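When you get a sec, could you build the whole thing from the sequences and use the hints?
Chains as they are written, first to last, in this note's numbering: chain P, 1 to 366; chain S, 1 to 366; chain A, 1 to 366; chain X, 1 to 366.
Quick caveat, the hints were computed from the structure, so don't treat them as lab data.
All values reported here derive from a predicted model rather than from experimental measurement.
Mixed in with the good hints, there may be bad ones.
Given that identical chains are not distinguished, each listed pair holds provided it fits within a single copy or across any two copies.
[Claimed, not checked] No farther apart than 16 Å at their CA atoms in a straight line, the calculated lysine to aspartate or glutamate pairs in the EDC-like style are these:
id	residue 1	residue 2
1	311	265
2	147	179
3	204	54
4	311	202
5	147	363
6	311	206
7	145	176
8	145	179
9	366	191
10	204	265
11	145	168
12	145	363
13	204	191
14	311	37
Residues per chain are reported as follows:
There are 4 protein chains.
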Amino acid sequence: MKNSIGTSVILTLAGESHGEMICAVLDGLAPGIPVSEEAIAARLSLRRPSGATDTARREPDRFSIVSGVFQGCTTGAPVCILIPNENVRSADYERTRTLARPSHADYVARVRYGGFEDWRGGGHFSGRITAGIVAAGAIAAQALKRKGITVGTHILACAGVRDAAFDDLDPCVLQEQIEAVSAMDFPVLTDCRAGMEARILEAKADGDSVGGIVQTAVCGLPAGVGEPWFSSLEGVIANAVLSIGGIKGIEFGAGFGLAGMRGSEANDAFFVQDGEVRTRTNRNGGINGGISNGMPLIFNSVVKPTPSISKPQETIDLDSLEPATLQVAGRHDPAIVRRVCVVVSSLVAIVLCDQLSLRFGTDYLK
Amino acid sequence: MKNSIGTSVILTLAGESHGEMICAVLDGLAPGIPVSEEAIAARLSLRRPSGATDTARREPDRFSIVSGVFQGCTTGAPVCILIPNENVRSADYERTRTLARPSHADYVARVRYGGFEDWRGGGHFSGRITAGIVAAGAIAAQALKRKGITVGTHILACAGVRDAAFDDLDPCVLQEQIEAVSAMDFPVLTDCRAGMEARILEAKADGDSVGGIVQTAVCGLPAGVGEPWFSSLEGVIANAVLSIGGIKGIEFGAGFGLAGMRGSEANDAFFVQDGEVRTRTNRNGGINGGISNGMPLIFNSVVKPTPSISKPQETIDLDSLEPATLQVAGRHDPAIVRRVCVVVSSLVAIVLCDQLSLRFGTDYLK
Amino acid sequence: MKNSIGTSVILTLAGESHGEMICAVLDGLAPGIPVSEEAIAARLSLRRPSGATDTARREPDRFSIVSGVFQGCTTGAPVCILIPNENVRSADYERTRTLARPSHADYVARVRYGGFEDWRGGGHFSGRITAGIVAAGAIAAQALKRKGITVGTHILACAGVRDAAFDDLDPCVLQEQIEAVSAMDFPVLTDCRAGMEARILEAKADGDSVGGIVQTAVCGLPAGVGEPWFSSLEGVIANAVLSIGGIKGIEFGAGFGLAGMRGSEANDAFFVQDGEVRTRTNRNGGINGGISNGMPLIFNSVVKPTPSISKPQETIDLDSLEPATLQVAGRHDPAIVRRVCVVVSSLVAIVLCDQLSLRFGTDYLK
Amino acid sequence: MKNSIGTSVILTLAGESHGEMICAVLDGLAPGIPVSEEAIAARLSLRRPSGATDTARREPDRFSIVSGVFQGCTTGAPVCILIPNENVRSADYERTRTLARPSHADYVARVRYGGFEDWRGGGHFSGRITAGIVAAGAIAAQALKRKGITVGTHILACAGVRDAAFDDLDPCVLQEQIEAVSAMDFPVLTDCRAGMEARILEAKADGDSVGGIVQTAVCGLPAGVGEPWFSSLEGVIANAVLSIGGIKGIEFGAGFGLAGMRGSEANDAFFVQDGEVRTRTNRNGGINGGISNGMPLIFNSVVKPTPSISKPQETIDLDSLEPATLQVAGRHDPAIVRRVCVVVSSLVAIVLCDQLSLRFGTDYLK
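Okay, structure coming up:
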């Protein structure tokens, strides 16, 4: 599949940055899930550029649900959500449109689509398409909440400034922390916002951009979800998350830190608490053998610095293959780390709805 | 899909650690690819435990191809490879079989399969199943070679000792380096074998185990392979690689290092060399927008320390849910980092055959 | 997958009969295919109710393409087509909405979706959704035409009146016949329209409905497309066509007639004509072993009589499970046989684009 | 997918007629299903050639289950079944191997696989591969039986002789009729065996072959299984059944007979009996809107006459493209209608396990 993800619950995306609208079709969700337009709007607002650290493109993200919802609930038929593009300035791209932006998809788009691609604002490769993920994910999150499952993502590191990690926290407070960050405009666990913003603005002032790491946690996921080979829970989540433009790596639990540990440090000892099997540590991020073990699912994703910077860059002209110098115009984010948090949470919510439906049937989330 | 991976070229795995045999079915490969049993045997020998740093279980890995190959070449029909299990000692597991090994799949298997799982030696979760990946991957690698595509993996770090990285090397020598490591018993780029082995044996002496990082590079992959959303080349590879037991994270190009860079450092400037589009650096690991850009594809995977250690560990009894202390018997690897290299390369070779067939048709590799 | 079909070229449908709009997303089509809105409109008009033999619901089928087309051609990104529902009269359904219409999907919808389904006008089960198939299929047909492949469907039988069969015709004239019927309002090969219409109107006058058989032919399809097991060309087409509401059977070539033949009659002798391999007869409908053999692909689909009739019918109330008598109000077709022709052709065009892309690569139709 | 079918329960087939063995991998079945080797052997014996009306090739069908079954039950891991080919006489094919057998797959195999195909005995296209379907289907049938679901197929017509239809029977006796035919060597509902056999032997004596129609019924399937579009129960079953070599058409319920009915005849009136919703007639074959309605699922499949006949036939030489006359040697069935019954039932059992697991979760059949 290409612009679709999932087996039992399936998200399909269409749209371009400067096209008429973004379309997200969320199919296979159980019937009877209440759909709150307010909740969708609230999540879209978390993705929306807002302050000085984001692009100046301001989209109202007016959306409409044109199918699959009836009398306030999902029907079980595909939910189609449309989000018009309203604040489009293609002229910014016109002048430099044959100059491949380094680390952006311009060159591969040319190779893959032979010049027929919609080059305006990154076309179908644009982060604008993630608005569809967020809108659909808001419904998926509502479905999960009915089963006591919460997904949240915060900025673990940005521009060299580090937040606390979820797993540093007392596990007892994890669920409320997840809920807290999932509603935050600038989701961090500790008092590091000002520091991060300062560093982002510094980069912006230099005509540059910064990257970071976002950390996602899921609470309430039952044990026994996932498959051993080729649909491991790690693999399925990684496939989803690595589709998001700019995300170049993912690690579960202690992740790359495991390389320096010994087995006796890395192993999570089992014990029983209040009748439930738990582990003392959670170096495995809630997954063993590709299957959820009932502990919080935790993973980190790395976000590369936004490739669109205004500093002059060496590149080539896609038509002539001649060397060229590019100075990107247009409105760009000096950092997308903040905005990507809700995108990751939304996509993971959809993936988990799919996994739960596969495991427990299509009515499980009803 | 569960124990199958791929769309046009598909690998299906069956078998258990102490079952009768491992079965790998590789379907959809182009007809006319020469199949060398020697090449398969050679790759299986790279995965096979051999020295003091590996498990004492020694499998001859006698295999037979029972379909899909005729007169020395693939026919286009599914290739079925059988690898009998010969050196099985289930008694080692009998005594402690209800004690969930920490960080292993015993507990999730119990939840997922309700006690019907084959618990001997990890059953279907065992690394033994990767013999099927390696045998099938040997054929995939032969297919890729016809198009000038080479895949290789080396140990980037193990037990605190670090090898050079592929991308530290002069790009001109990359292809031969890939070919060199892909034939090595202990694949490293520099003189670090003795150091790594010493640290592994130290851990073994302590009844403990170590992890590491393996780095994979692919040379010769044409630009334009992959899809923007949900079948990004990063996502597809990550889904495959994270199925391998013990791998808990993956990063492409500069990976998690991108979090600390600015765009001006992270962006890969385009230039033309001998008529081919290239980039000055390769922080993106050969992938932009989910699609190959013609540069070497490079990624790192983290391998956790082998969970089976002989030190006493806190755990629970799966039947009674009572606390227990486990001292793992059986024959185990103090490190699987060395052996995992050829597994990752093999799986990636299969994934790339699939991606190339999807992009350029089922006869492309013929 | 649910409301999606295809592997390399994928159609996804959303929408309900009385919802806001029908949405069709056609993904994976090669870039560079010219998209003519006139051609789409023309095909939609073939599906649209028009005369006394159709429902009185008249939809203008104004559509808009909101993504995936740029400067008149496909870009390679998903094409999203929206078709608003404009002529909706849900009140017709309100009075009898808890009475399960016999042979319609009302009862299974209740079981499957638990009462949350949009019951108005058949909701997501409505034939109205096929407008999305036809719009997307118009683009697929344009793509096929570039390769000299034509798909056409005519009414082979309706209400007891029979047309000639494609295979009765001189093979030399087949292509032009296919092209002719694919543009016809009431597609028949011989002079049988008046007879069919008379019988349909008779049934309508009786408050009843009729069924029929439609025959589809494809000309120009290259040999070697399809797979032996589980993706046979027959199986893939059948899966698509049997999704269309009211189609209850499909037969390829001589179909059920083969049951009464001997091998010597049923076998299609090979010969070479102008350097091309052909068969003397075409009892296999252009497919051997699940793979196209280069002869015209021919199959028949049976369409059951429209279940919505105005005669009183025995049924049950879905809420109380009490017996009830239903007299269907609303606007219904006494026969959908005419309108289904372009739907079958459209869906088959999409399926063939998918099969060709899988076989020859994603740029084949470019 | 190619040689695999299913989403949650997946069958993968490998093997050739004259290769070493047939391999069937059945993945995703719930754990805890008792596996009886006797039941598998019994079903294989129904497929096995036995009397004068079948091919003279006699295969013992010794099989072994090499994974996925532990202590007599499925484990949840993939079940791999191997069936060696023992009675192979490739020399029969050697002499005429470049002559394309009319209506067989020889020509398309050459086009598709470019001469690399295993041509011996039809290779991967051979009916021999269905032994794998039958073995795997025996386990699926055991799983279904636990939920009170029975699948059976009988010969509705062969060589012009007709059996009674399932739906002619009193519905009260349907289940036992299904069970009866599913154990029969020559499955018919009435006393028509002698007549059919006589006509088959007549054809054989003429160096010819005959076709027929088989009818399948499923009892006990719950309502609410299937999807409206593109995974309709009709479509999913048709895709499976039309993969079986020689099956060229399928019809559900009254099938092609619906073309001549009016809605008032074709509609199945609902009523309630003993608290269960039922229909007076079953013209829809147990499926409305692509979803099971709780009535017996009934469909007919047409089997073309075996293409391998000993009468001289016009054909071409695949190497030279010169005209040729073929007189097929080797051991062939004058009719496969009898043997195909258990193949259809087995494949449908697997498809229904998949559909039920998708709908109600992976543990439903446990």
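Hints that the structure is at odds with (numbers, increasing): Hints 9, 11, 13, 14 not satisfied by this model.
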